[in-house]
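Note that the sequence shown covers residues 1 to 380 in full-length UniProt numbering.
Quick caveat, the hints were computed from the structure, so don't treat them as lab data. Misleading hints may appear alongside valid ones.
[As the list claims (entries may be wrong)] Dumping the calculated DSSO-like pairs for lysine-lysine here, alpha-carbon to alpha-carbon at most 30 Å: (1) Lys359 x Lys332; (2) Lys332 x Lys51; (3) Lys315 x Lys39; (4) Lys359 x Lys243; (5) Lys51 x Lys359; (6) Lys39 x Lys212; (7) Lys332 x Lys233; (8) Lys51 x Lys212.
In this text, all values refer to a predicted model and were calculated from it rather than measured experimentally.
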Amino acid sequence: MARPATLSRWLLLGLVVVAHLVGLEWFARAYEEQDALIKPMAPPMYTRMLKPEAPPEIVAQAVPPPTKPKLKPPPPVRIIKPRPHASAPKPVPEAEPEVAQAPQEAASAPEAAASAPDAVAAAEPAASAPVRAASSPVAAASAPVAAASAPAVAASGPPANPYAAQADWPSDTRLSYELGGVLYGGPLYGSAHVQWQREGENYQVRLDLDVKYFVNFVMMSQGTVTPVGLRPKAYEEYRPGNKRRAIQMNADSVALDNGKSVPRLPGLQDTVSQFVDLAHRFAAGQVPLAIGEIIPVPLARPGGVDTWVYDVIAKETLTTPQLGEVEAYHLKPRPLDKPRGDITADIWFAPSLQYLPVKIRISMGTSHYVDLLVDHIEQR
1 MARPATLSRW LLLGLVVVAH LVGLEWFARA YEEQDALIKP MAPPMYTRML KPEAPPEIVA
61 QAVPPPTKPK LKPPPPVRII KPRPHASAPK PVPEAEPEVA QAPQEAASAP EAAASAPDAV
121 AAAEPAASAP VRAASSPVAA ASAPVAAASA PAVAASGPPA NPYAAQADWP SDTRLSYELG
181 GVLYGGPLYG SAHVQWQREG ENYQVRLDLD VKYFVNFVMM SQGTVTPVGL RPKAYEEYRP
241 GNKRRAIQMN ADSVALDNGK SVPRLPGLQD TVSQFVDLAH RFAAGQVPLA IGEIIPVPLA
301 RPGGVDTWVY DVIAKETLTT PQLGEVEAYH LKPRPLDKPR GDITADIWFA PSLQYLPVKI
361 RISMGTSHYV DLLVDHIEQR
């Protein structure tokens, strides 16, 4: 009879221990969620696969052709048309009483001719020509009207950069990558995803790295979408062992993972928001993507804020598993003057795939690296 009682006690003790472990894990997760800066967005449903296609002409978009046609036919000048009917009889009696006034009229002709360029500059030549032919007083009267209409036309013109008023961002997108590389002399295998989401003016960028038989990494960025680019507010990363590091990006300062605060630089990005922000800047023509270009990016990481400088060093043809051969521009970061570690990232952007990053190489020193090569791209 002692054995069943002992067995029951051990079974009860085991259940109590399991219950305590489950409770502790639940409290730990609840605390982490409460302490977390980022609340993940609900994953979207993707409806189509992105295929390579010729990119649009960025030069034509940066300087819109409708600008000049809008300036040529200004409506205010056409109001002058009824004036010749009311003022036409007046010059006739003035010229008939004295023939000696003819030289004065001849002298006033150069003045009308001299004022013609001003009228042409502010109004349509075809509309102003009949007015000058009718009489010099009408031409003189029309000059202030044309001059007054010139500022209105200039004020109504479109902005120099159309993307400053309206930013075109890609729809919800998920890039799936094949993962390869070398670590301590051995090959690496796995998969990775970069996911971009937008809900109104808010965005989320998430990078998942799944190294087979080794580790998982998660990096997330959230913030707002502005006409000139992304404005991150929070960044979190989870490393093996569920180790979390985070930074909070306020209006004028950045709170680092160690509790210190540093000034926020203009145009600041974080480790993963830079992928989408750079793609948008290239697609919008805000930054030229060409060999030899130099692209500075203020970057916030858990350890500090630095300005990374990328050189566009080459245009390369990448062979992808499902998308075939894709041409992409290779951006290589320069070494920092005061590096905070040995991790750097080369990025390849493809104009034929909405300028998205089709390859990312994360280097850890000179002998270890992880390669992400795009396999397929889904969009909402």
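Going through the hints against the structure:
no.	hint	verdict
1	Lys359 x Lys332	holds (12 Å)
2	Lys332 x Lys51	holds (26 Å)
3	Lys315 x Lys39	violated (38 Å)
4	Lys359 x Lys243	holds (27 Å)
5	Lys51 x Lys359	holds (16 Å)
6	Lys39 x Lys212	holds (27 Å)
7	Lys332 x Lys233	holds (26 Å)
8	Lys51 x Lys212	holds (28 Å)
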